[in-house]
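Starting from the known structure of chain X, fit chain R onto it as the hints suggest.
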Amino acid sequence: MGFRRLFPWLGVSLFLGLFFFYPLARILWLGLNPASLANLDLSSLRFTFYVLRFTFYQALLSTLLTLLIGLPAATLFARFDLRGKSMLRLLTAIPFMLPTVVVAAGFNALLGPRGWINLGLMQLFGLESPPIVFVYTLWAILLAHVFYNTTIVIRVVGNALAHLDPRLEQAARLLGADARRAFWRVTLPLLRPPILAAALLVFLFDFTSFGVILLLGGPRFATLEVEIYIQAIQIFDLPLAAVLSLIQLLCTLAFSVLYSRIVTHMTVATAPRAAASNLRRARGWREKLFVGGMIALLLALFLLPMASLPLRSVARLESARGERAAVSYGLTTDYYAELFVNRLGSLFYVPPFEALANSLIYAAVTVVLSLALGFPVASALARPGRLERLLDPFLMLPLGASAVTLGLGFIITFNKPLLTGHGSLITSPLLVPLAHTIIALPFVIRSLQPALASIPDRLRQAAASLGASPRRVWFTVDWPIVARATLAAAIFAFTVSLGEFGATSLVSRPEYPTLPIAIYRFLSQPGGLNYGQAMAMATILMGVTGLGILLIERFRLPGAGEF
Amino acid sequence: MLQLLDISKDYENKPLLRGISFAVAANETVCLLGASGSGKSTLLRIIAGLEPPEQGTIRWEGQDLASVPAHLRNFGLVFQDYALFPHLSVFENIAFGLKMQNLPRPEIRQRVQEAMKQVNLSGFERRRVTELSGGEQQRVALARALAPRPRLLMFDEPLGALDRALRDHLLDELRGILHATRIPAIYVTHDQEEAFAIADRVLLLHEGMIVRDGSPSEVWNEPHSAWEARFLGLGNVIEGVVRFQVGKACPELVEGLKVETPAGFFELDCGHTHQAGEKVNLLLRPSGVRLAADGNLRGVVADVVFHQDQFKVTLENGLYFYLPEAPHVGEEIRLCVLQSGIQCLANDDFIGLGC
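Chains X and R, in that order, are what the protein sequence lines are. Under the numbering used here, the first residue of the first sequence carries the number 1, and numbering increases by one thereafter. Under the numbering used here, the first residue of the second sequence carries the number 1001, and numbering increases by one thereafter.
Incorrect hints may have been included.
[What the hints assert, rightly or not] Computed beta-carbon distance windows for the label pairs:
#, chain 1, residue 1, chain 2, residue 2, range
1, X, Leu547, R, Arg1018, 52 to 62 Å
2, R, Glu1114, X, Arg386, 33 to 43 Å
3, X, Leu279, R, Arg1018, 19 to 29 Å
4, X, Arg484, R, Asn1013, 34 to 44 Å
5, X, Gly543, R, Arg1127, 56 to 66 Å
6, R, Arg1127, X, Pro480, 49 to 59 Å
7, X, Ala382, R, Val1068, 53 to 63 Å
8, R, Arg1127, X, Leu253, 33 to 43 Å
9, R, His1169, X, Ala468, 54 to 64 Å
10, X, Leu360, R, Glu1012, 45 to 55 Å
11, X, Ala382, R, Glu1012, 42 to 52 Å
12, X, Ile481, R, Arg1018, 49 to 59 Å
13, X, Pro393, R, Ala1035, 44 to 54 Å
14, R, Asn1013, X, Pro480, 38 to 48 Å
Since the hints were made in silico from the structure, they are not lab data. For each residue, glycine too, the CB sits at the ideal point set by N, CA and C.
Excised from the complex, chain X in its bound form (with noise of 0.2 Å):
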């Protein structure tokens, strides 16, 4: 094993390393330090439990909330042939990777006090107050998980139920099974093992959802991630904070090792048959009121949030402030002609405009950054040796981390000066684009590393048998394929960086906010104008981000980064 193998390695390996493992080890070493543990008394204890339980409560009922609506839809999308599935099948597939603020944002235009049903509602029966108090309340953190997180049970119990063998169902009919026991004894049992992955994963992104429950839950809700987040930055009491992450980076260590035993055992159990043959029409008006109804169900809980953002945007709906008469109704762009004012002139806020482009440097440094850490250890991984499965786990640990444990590491490990003489990196805004490449990175590699393999040797030869030099060989061969992977990829790398909320709220820098922080902020200031402005703002991001789902569907190798 020489250099040569090492060396793709090492910018990865000091890159991980110093903004990984490092913050890592000082959040360990801070939580569990005598001295910090000395410091928890009672009261903390007590707290600590309780922000537990909530955290497990809300992703509990997320998780059922999800299956029960997931579980038909995936029923809808394994057993029906529908004209628009693919279309009704993305729609659902989006919020899975929209920022959390759009998300925010998206319920706010919809059923918050100024969204259109209230709206819409107090113009109709000449109400004083918005009738429907959704946003800072349990379901409206229930509600927008269950957004998010649909997707994975229609993905994985879909899949399981599409290529579930029909004949196993039928073989139970003719052994004296009516179609009920038939369910209960051969269907579900053999659903089992996918559907309890689906839901330990549903449970897993419940478990350590920050941006939901801050935004649409408010302050009277604070799961593990948000209250390490409000430990750190409101209070300023690090080691609690690195206690809550060391409980947090616990639990989701237990969920993920019992999720890959699941997904293991998942392979056994079904029978693959071509998908295609369990496919058909609706027939029977139950079959028929259950196709329309689950049609109308996901239109409705998909369809409406993404579609008020947009649409709230651009619609003046309310009186000017103070004059309760004069309600002025129609389109209007005023919204976005505010992003370029500074209405409150403070040092801290800025123009929303300077966020966006704060955003698309820091994206555009993300993309520089994970392509060239990434790109090399992609290479390397595409033809494995021994060095290669031994490290490949190692960076795939970031996922594993929550986004604001990375943060809180940042903020412990860098609030000093790295080397003496120097000012210490927290004030840097290079500390943003650094927790979105480590973010970004193993998506990058994981995206990268099996285009590069797809590409076997014997076509090299081929082309180098007909006469191509070495380097027409590279352009006529490898080219074609790595740019599409490439292009993916920091396609990919420059969304997740777009819409990161978590490590940014607790790193990034008040006078350099992101566009995601910039819309929180507007998001929590009363007045029309500031949620007109978060809501321009987010339909911005909302579309630059759906723009990459697109590109990043079209540019994608089949089969390439699945969860």
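Just chain R, lined up with the frame of chain X:
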């Protein structure tokens, strides 16, 4: 017992089954033989109640089954690739049908043991079905179908996935079990050897219709059409023209035929009358042929393959015969084809009329 009347079924707007009618008598094994895609499996699924026919009736001892759902018909079906429940043990798989009948536990245990003994699987109770070999899985599938004591057993290409030797062995066992239990059975296959080995009666399915219904020996000895002879692999099918028979009073209508083919002139005795100049198909059986200098068939040897205790000799005109000794490739030979080895077949467009 089972009676099908005029069953028709479309598949993707094309007729798959057209007016199928047949009956299965008590303890009779009927074999549905047809090429893949001929609709035999669909016919089984219709009988089982898994799919409705577009037209026609199915009766069991006179009772119309149209309103009886699959789970109340008490018909057993052994699926292609078995469709065993992967989440259940061997015992639980076999006990499934008995549990659906809500039998008491001891009886279930006893009946499962019985079924396992029938298929030589005793001692496999606790095993997972995913750990079993193909042949063992096949036995579990059979035991699972047998245990609830069905009124009718159906087999959908049950041996398709197994190797030759195991197939022959299981086929013998299956025949023994069917005779012992006296359950009427419908056996679907595309393999004619399998069909002839297991069936009391063979039904040939072609283009959605039953073109032949007879005992294995009838079907083997008296093929009706060129398609039948080809599909069953009975021998060489060649086209020829009826010629005058010298010495007959009326040369236009001939009974003892003389037929001219590209391979030579053949004389045969056909029970029917033919017009001189009429085109006919002849079946030349490949065995019972000998080399003879004055033989009525001549050809150049293209290929010689050792086949069991004989040689399969293929001629350049595509005909093949089994000979006790091997001629050289490229040699021109003359063969004596006996009258008993030649049959006259109907054209494919006259299926069912006979010769």
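So, going through the hints one by one against the coordinates:
no.	hint	result
1	X:Leu547 x R:Arg1018: 52 to 62 Å	holds, 55 Å
2	R:Glu1114 x X:Arg386: 33 to 43 Å	violated, 56 Å
3	X:Leu279 x R:Arg1018: 19 to 29 Å	holds, 27 Å
4	X:Arg484 x R:Asn1013: 34 to 44 Å	holds, 41 Å
5	X:Gly543 x R:Arg1127: 56 to 66 Å	holds, 58 Å
6	R:Arg1127 x X:Pro480: 49 to 59 Å	holds, 51 Å
7	X:Ala382 x R:Val1068: 53 to 63 Å	holds, 59 Å
8	R:Arg1127 x X:Leu253: 33 to 43 Å	holds, 36 Å
9	R:His1169 x X:Ala468: 54 to 64 Å	holds, 57 Å
10	X:Leu360 x R:Glu1012: 45 to 55 Å	holds, 53 Å
11	X:Ala382 x R:Glu1012: 42 to 52 Å	holds, 44 Å
12	X:Ile481 x R:Arg1018: 49 to 59 Å	holds, 51 Å
13	X:Pro393 x R:Ala1035: 44 to 54 Å	holds, 53 Å
14	R:Asn1013 x X:Pro480: 38 to 48 Å	holds, 42 Å
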